[in-house]
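Chemist: The residues making up each chain are set out below.
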Amino acid sequence: MAKYVGTSMKRREDPRFIQGKGGYVANISLPNMAYLAIKRSPYGHARIKKINTKKAAKLPGVIAVFTGQDLIDGGVGKLPCGWNVPNIKVPTRWPLTIDKVRHVGDGVACVVAESAYIAADAVDLIEVEYESLPAVTDAKQAAEKGAPVVHDEAPDNVSYTWGIGDKAAMEEAFKTADHIVQLDLVNQRLIPTAMEPRAAVAQWNAATEDMTLWTTSQNPSPIRLLLSAFTLGIPEHKLRVISPDVGGGFGSKIFHYPEEIITPWVARKINRPVKWVSTRTEASTTDSQGRDHVTHCRMALKNDGTITGIDVKTWSNQGAYISTFAPLIPTALYLTLLSGLYKVKGIWGEMVGTLTNTVPVDAYRGAGRPEASYLIERLVDIAARELKIDPIEIRRKNFIPKNEFPYQTPVAFVYDSGDYGALFDKVEQMANYKQLRADQAEARKKGKLIGVGVAGCIEASGPAPSAVAGSLGSAVGFWESAKLRVHPTGKVQVYTGSHAHGQGHETTFAQVVADELGVKPEDVEVVHGDTAQIPFGMGTYGSRSISVGGSAIVRASEKLRAKALKIAAHQLEAAEEDLVYDQETGKVYVKGSPNKAKAFGELAFAAYTAHNLPAGLEPGFEETHFYDPANFTFPNSAHIAQVEVDADTGEVKIQKYVAVDDVGKVINPLIVEGQIVGGIVQGVGQALTEHGAYDEHGQLLTATLMEYAVPHADMFPMIETGRIETASPHNPLGVKGAGEMGTIAATVTIANAVMDALAPLGVRHIEMPLTPEKVWKAMQGSK
Amino acid sequence: MYTPTFDYYRPKTLDEAIALLGKNKGAKVLAGGHSLLPAMKLRVAQPAALVDIGRIKGLSAIKAGKKEVKIGALTTHAAVAASAELAKACPILCETAAMLGDTQVRNRGTMGGSLAHADPAADYPTVMIALEATMTAMGKKGERDISAGKFFKDLLTTALKADEILTTITVPAYRNFPNMGGCYLKHRHPASSYAVVGVAAMVGLVDGKVGRVSLAVGGATVNPVRCSAAESALVGSAPTDDAIAAAAAKVAEAIANPMSDLYATADYRIRLATVMAKRALMTAAQRAM
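So the protein lines, in turn, are chains A and B. Everything in the first sequence is counted per this note's numbering, starting at 1 for the first residue and increasing by one. Everything in the second sequence is counted per this note's numbering, starting at 1001 for the first residue and increasing by one.
Calculated from the structure, these hints are not laboratory results. Predicted model, so just to flag it, every value in this text is computed and none were measured. Among these hints, one or two may not hold up.
Derived coverage of chain B by chain A (criterion: at least 3 residues anywhere in the stretch with Cβ under 8 Å from a Cβ of chain A; other residues may be distant) [stated by the list, open to error]:
| no. | region |
| --- | --- |
| 1 | 1156-1162 |
| 2 | 1239-1250 |
No farther apart than 20 Å at their CA atoms in a straight line, the calculated lysine to aspartate or glutamate pairs in the DMTMM-like style are these [as the list claims (entries may be wrong)]:
| no. | chain 1 | residue 1 | chain 2 | residue 2 |
| --- | --- | --- | --- | --- |
| 3 | A | 78 | A | 114 |
| 4 | B | 1041 | A | 707 |
| 5 | A | 774 | B | 1261 |
| 6 | B | 1041 | A | 114 |
| 7 | A | 777 | B | 1068 |
| 8 | A | 665 | A | 419 |
Idealized CB from N, CA, C, for every residue including glycine.
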């Protein structure tokens, strides 16, 4: 039936992006616009003794200088937390800090000037007198006695603790285990590096008292809500938030940031349009970051490789403030994934969320799930080696069998569907796994360090059933909205609450609508990002757009089809149940008489002329649906990589990478492959090169792209991808998320490959990133 | 990423440029701008004035003679990488230029700019040390030649005076000599692509034995160094794997006060220098045959 769903249509948004014609926030230029710059802390932790803004204010071209206190006096509110686990302490966060600076990059004052250059000069003229304080940057050390206190509101630096699983079953498993694998590991801090840095432009209309804010957001409606209800105080109906083309987010543009409060506040104050654009260094020191866990974990097994227990304790670094969804990531998106692909009874996980003198940490592509996959798949790999079982064989032994779905794990989730055996069959065959092992044995004889890494990973994507989210601490619901407006000529506009910042929704959603209504994709336009146009929408993150946003579109389409049938039945003088809606052509006809059909365009036109509608049917042809998902979806993957480690220098070279993923039904294979490959590249970045590193004073050592190493294209062979499709029963499209699976699986696949290469030297584990020096030192240590 | 305010001059002649440098205290010469402008945008460098020499004619020619090659200081990395003349006369320069930065940097950045900036992680300085290049500078009092060994003075510091401009780099046309080979290897920083360690090796063979060798290591110290102990150990031997390994093992002797950072400690830089010296010498020796 599907004509467009399942086909690799080229992305319709690409011509404008690759020709430099995208419309980004930084491109916006308004008459009489002024430019905002923020004075930021050079200290990791310091008390503010005095702020002198006189020199800055006197600089020609400076319009005004404001401190944090000025903003508070002017009515701004504290930044709220949107995910409140039980007994959480959410310390005060003002848009600009007033008492102490708590991380390098913390904002203390702002300047608005006639040009961006003058604003930058004026920022240098603001004099802040600090009293330097000792800093703490490590997630676990922050919770130790005597650690410097980041907020007086949380004197032990602990924001929250959380636990999940069956502790008694876990303890029993370890008591009766034949073999226990113990591992301490660090999942290092990552700095999200979207191509486009954050930006905001605000325009105040003093006549109507309307504010328009353009901001680089993955979810403009929730940002408008937070601005209205908590931070800016302009009511929702007088505040329009527009998130236009956005050049990448990876999670970092979900959250509510100080600059999107300050920019409109200043615009209203000076009654001029105001623009703020982040520099790359500001991005590194203010965009919420990712990962940063310290973990002790262990796995209980029988001698035959059966996993009986998993026990995890993690300290999660939340940074200097609790970012919008920070507590969600290491709780309901991390500890709930500890079952992996495996049938294990005795799972227990606990979490301590700590405050430190670092940039806040929140969701970053994968968000909790890569951290879970990393520890499970490292433990399984070490277990395989210690028990002398092939790493794929030990995994197969523990898989949840395909006939046991839906499967209830001991850590809350009910997995929807999967066939992990078939997944591994396919990846073994594509990678020629047996040959890889034979080649490895040959290479080892010649003294070469070749490693083959395997990982099988699970993801919970498409958040979330709103009631479940609410019970876990969410302050919001996680449904999605879609409004389908059919014009009198039959052309369709889709107003989606999802937001695209690289995902290709304009193409994918058009494919879905085309098949739902029987129209051409080019007759469907997807509109997103403008709160004045779209219904309230929850936005894009957690690989939710197609499973939640796409499902809303399907449901709205069904309502349109139902209305079309009513009109057609009336005009064809037939009963609705005798009609066929042909979704390939958009024609409605009486069963058996396709020649006497009403075309989609005719029905749309009829709905608007309203000359001949059934009695009581309202004119017009548009429908809205708010879709609340029944469950998460559970994409899964099997990846295999072959690496060579340079025996002299420790450099890692990826020779082969094969990925097989089950992301459910696929709407656009081209886009999904791009998502998977891009995700893999990002995951490899964590394994090999990326690390947001702080020194003991809270100085970020990797604040520019001269130090922070995102992966480069020349690190990669051609990545081979394959798919199996087990449709998710939880949504009408049968889809699962595809945006994060690559990232979740790639990190541990590469780490396992490197450890496999070094196994003959007795190296068991090296903390990421696996830089040449760390690998080389581990090799020396093992001699 | 906004520079502080500065004056900007675009002279048409070298004399005019030198006069401007003399007149404006703290002025910096702007060539390709790929080191200077990022530093200014980070406000690490705040020169009061820039003297843009980009429009001065005659500073970007490559002239290959039988014995030596003269390269104008404004020659871009891309032009060096693609030069057929250099590929014949002094191919190590093409090899180096092709590894430098990325396409944009290679299209804008210049050889003279890179040398005058004297970044410890730059590639050209190491190669110039190995090639025993000569730098020609023009100042108020006229032209003077500075040998590569005396050109690099310290971190980001050269022998150039504030009102001198590097105009020409002269290197031997070694490929015209019998049995000479060269090789440049670098270990790229994964973020910046600058050399964490770069090694340049030149090997000349006489009757199958190493007649002359020059080996330079950059990135490990503030300025690149010649590895004379390693060189002496190799001269007179056949370039066997063992002989080269034994020579490379002496590279560490040349590296006093190695640098250290988050990515590579001093120990690891020495390790890289040793391994890469061995590999560069082997390749250079093969190319000499």
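Chemist: Could you run down the list of hints and mark each one as holding or not?
Modeler: Structure-based check of all given hints:
1. 1156-1162: violated (count 0)
2. 1239-1250: violated (count 0)
3. A:78 to A:114: violated (29 Å)
4. B:1041 to A:707: Measuring from Cα to Cα gives roughly 17 Å; hence the hint holds.
5. A:774 to B:1261: With a Cα-Cα distance of about 13 Å, the restraint between residue 774 of chain A and residue 1261 of chain B holds, given a limit of 20 Å.
6. B:1041 to A:114: It holds: about 19 Å lies between the C-alpha atoms, which stays within 20 Å.
7. A:777 to B:1068: violated (44 Å)
8. A:665 to A:419: It holds: about 14 Å lies between the C-alpha atoms, which stays within 20 Å.
In summary, the numbered hints that this structure violates are 1, 2, 3, 7.
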